[in-house]
Amino acid sequence: MPDWITHIAVAWIIGTLLGLRYKQFNQSNTAIIMVGALIPDIIKISIITNYLGYNIYNYITPIHLPIGSIIIVGMITLLFKEKKWIFLFLLIGITTHYLLDLLLEGEGMTLFYPFYWGQWQLGLTTSQDYTSTIIALSAVILVYMISRYQNRIRG
Amino acid sequence: MIKDLEIPDKISNIIRNRIVLFLLLTLILTSLCIYYADNFMYHQKYPSIEIILNDYPEGEIVSVTGTVTQTIPDGFIMNTNYQDKTITFKVNSNETIFPGDQASVLGILESNYQISSQQIIITKKWDYINLLIRSFLAFLILLLFFNHYWKFNPDKWIFSRRKK
Numbered sequence: 004m005p006d007w008i009t010h011i012a013v014a015w016i017i018g019t020l021l022g023l024r025y026k027q028f029n030q031s032n033t034a035i036i037m038v039g040a041l042i043p044d045i046i047k048i049s050i051i052t053n054y055l056g057y058n059i060y061n062y063i064t065p066i067h068l069p070i071g072s073i074i075i076v077g078m079i080t081l082l083f084k085e086k087k088w089i090f091l092f093l094l095i096g097i098t099t100h101y102l103l104d105l106l107l108e109g110e111g112m113t114l115f116y117p118f119y120w121g122q123w124q125l126g127l128t129t130s131q132d133y134t135s136t137i138i139a140l141s142a143v144i145l146v147y148m149i150s151r152y153q154n155r156i157r158g
Numbered sequence: 004m005i006k007d008l009e010i011p012d013k014i015s016n017i018i019r020n021r022i023v024l025f026l027l028l029t030l031i032l033t034s035l036c037i038y039y040a041d042n043f044m045y046h047q048k049y050p051s052i053e054i055i056l057n058d059y060p061e062g063e064i065v066s067v068t069g070t071v072t073q074t075i076p077d078g079f080i081m082n083t084n085y086q087d088k089t090i091t092f093k094v095n096s097n098e099t100i101f102p103g104d105q106a107s108v109l110g111i112l113e114s115n116y117q118i119s120s121q122q123i124i125i126t127k128k129w130d131y132i133n134l135l136i137r138s139f140l141a142f143l144i145l146l147l148f149f150n151h152y153w154k155f156n157p158d159k160w161i162f163s164r165r166k167k
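Order-wise, the sequence lines are chains A and B. The numbering used here puts the last residue of the first sequence at 158; the count rises by one with no breaks. The numbering used here puts the last residue of the second sequence at 167; the count rises by one with no breaks.
Because the hints were derived from the structure by calculation, they are not lab data. One thing to keep in mind: the hints can contain errors.
As the list claims (entries may be wrong) - Okay, derived cross-link-like pairs now, DSS-like style, lysine-lysine, Cα gap no bigger than 25 Å in a straight line:
| no. | chain 1 | residue 1 | chain 2 | residue 2 |
| --- | --- | --- | --- | --- |
| 1 | B | K154 | A | K26 |
| 2 | A | K47 | B | K88 |
| 3 | B | K166 | A | K84 |
| 4 | B | K127 | B | K88 |
| 5 | B | K159 | A | K84 |
| 6 | B | K166 | A | K86 |
| 7 | A | K86 | A | K26 |
| 8 | A | K26 | B | K166 |
| 9 | A | K47 | B | K48 |
| 10 | A | K86 | B | K159 |
Here chain A stands alone, though its shape is the one from the complex:
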């Protein structure tokens, strides 16, 4: 995984950029997209269980696959009133997560589980590489300035 700074930064950028065009993408809904961007990494709970001596990674891997993440999105959506919109925003969040994870080195992700076990990953960067974090944070500053400028023009 890229670090969570990159994940939430990219989610914020996408929410804010879409907010320049569509009013539904306000900052409160951007917060939902950011939550969605971390949903697949619920699997990182296995780091804690590993320290406790229980290796559950292979049992909870589907959480870090699209089908599992979508089910978790469904569960979280139950905690909101505007279910359709929240589902959509969380879905955008998890999509950004998988697009970023696809860039990494590794054995590949079983994106179409349980229908197909083929694995893909582009192997362009590693999870420890700071470059993606720096690029994402630079883009955050740029998008923040653009959105402020837009808001000033709109009054």
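Using the hints, position chain B against chain A.
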């Protein structure tokens, strides 16, 4: 007193439906997790630790991930855990690596849990810790950001927008 404990029908229906939906989704997710855990080893590109332990495919390319415990002149010793067992591999490699680093090794399995590496992805111990710290900070930022716009109503078990 009993009347106080009664939940209005409308809310009761909503709660009941949400609970049913939640249980249904949990059931589906659990089924997917069990199916994955039972079958993933048969669909991997290269034999992983379970197949190595069961069939020992000597001479085949295998993929193993573990923690480096010791460096030796022509490689390193790596431990990997599988179902409460610790399996030790000797990996032949020229990579610069240190105890505590994580290594994902792709290579030919030889006798006595020895691997001639073809490709290694190394995760340095401190890089990994740094990644976790950065991610923890990001999580705190997200909590603050989310809390700024949303509040949780524990009576109705629902998040609602904060009025601005």
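| message | To test your reading of the hints: which numbers does this structure violate? | response | Of the numbered hints, all hold.
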